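Peer 1: If you're matching positions, the sequence shown starts at 1 in full-length UniProt numbering and goes up one per residue.
Hints are not guaranteed to be accurate.
What the hints assert, rightly or not - Within a straight-line C-alpha distance of at most 20 Å, the following computed EDC-like cross-link-like pairs (lysine to aspartate or glutamate) qualify:
#1 Lys124 x Glu143
#2 Lys124 x Glu53
#3 Lys124 x Asp83
#4 Lys41 x Glu53
These are computed hints drawn from the structure, not numbers from a lab. Treat the numbers as computed from the prediction; the structure is a model and nothing was measured.
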Amino acid sequence: MGASSITPNGSVKNLGVIFDQCINMHEHVTSVCQAAYYHLKNIHCLKAFLTQESLVTIVHAFVTSRIDYCNSLLYRISDYNIDRLQRIQNSAARNVTNTRKYDQITPVLQHIHWQPVRQRINFKILLITYKSINVMVQKYLCELVSIRKSSRKLRSSSQILLQVPVSRLKSYGDCAFNVAALTLWNRLPVDIRNASSF
């Protein structure tokens with residue numbers, strides 16, 4: 001105003017999620033990593049005084065909840081940022097199971113039934129899509145989902161395929177919920193799409 005100049009901020013925080021100028025979520029992932037490693041360090045110090053059940057509860061409360069918070073916004077982020085989040089999850093799994101640093105982590109994650117970060121993101125999006133189809137979420141989400149209808153009787157009419165809108169921008173348009181969610185849903189096997197619960 002007047003003679004003073006206003007400099008734009010490189011990022012903004014909304015509901016705990018940090019959006020940067022390029023919307024690549026790099027700053028948000030950095031913030032999640034810093035907080036998660038801080039809590040993992042503290043949990044590791046307390047581990048000797050905790051039961052296994054309480055250790056798992058604390059790890060879920062302070063670490064995995066941070067990875068999962070608004071993770072549907074992380075759809076199609078860079079592999080580098082996914083790897084950073086995956087390393088946090090791996091460290092949390094090692095903490096919970098007392099696995100050594102150089103032991104294979106994939107069997108450990110399977111044993112404790114933790115999906116890799118990329119699959120967790122896809123699962124969250126698909127869960128919201130399922131709830132949108134079955135009108136279990138807010139109306140504005142249900143309006144983004146429309147079942148593909150044909151004028152003729154086709155074999156695919158019983159498969160609950162969704163009408164995917166055409167996006168103009170591959171980088172941002174394909175990441176929008178109404179495109180990404182419906183594309184992921186249509187890739188699911190028929191028996192999962194027709195399931196009574198998700």
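Peer 1: Would you pick out the hints that fail for this structure and give their numbers low to high?
Peer 2: The structure conflicts with hint 2 only, although it agrees with all the remaining ones.
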